[in-house]
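Peer 1: Sequence:
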Amino acid sequence: MTEELNNKNLSSLIEHWIEHNESHIQSFREWAQKAKKDGFLDASNDILEAANKIEEANKHLNKAKEGLFHLH
1 MTEELNNKNL SSLIEHWIEH NESHIQSFRE WAQKAKKDGF LDASNDILEA ANKIEEANKH
61 LNKAKEGLFH LH
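Residue numbers (UniProt numbering): 1 to 72.
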């Protein structure tokens, strides 16, 4: 049986993705600090950039979630 897609369950799914991404952002930033401390400066910068991109993705997910409830 396939679950019917509606505003509520899509909103819940998007919220799950955002929360999941937040945990990755935190982890990436922690590991970037460790990498920087151990002299892996390029890797540290790239990991931080990845965290920033995930943060940007969350902005889009939030926008999508908000848009679910502004449909005509």
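You may find that some hints are simply not true.
Said to hold, decoys possible - In silico PhoX-like pairs for lysine-lysine, Cα to Cα no more than 20 Å straight-line:
#, residue 1, residue 2
1, 63, 53
2, 65, 8
3, 53, 8
Hints were generated in silico from the structure; no laboratory data involved.
Peer 1: With reference to the structure, classify each hint as holding or not holding.
Peer 2: Do the hints match the structure? See the list:
1. 63 <-> 53: holds (15 Å)
2. 65 <-> 8: Status holds; Cα separation ~10 Å.
3. 53 <-> 8: Roughly 26 Å between the alpha carbons, so the hint for residue 53 and residue 8 is violated.
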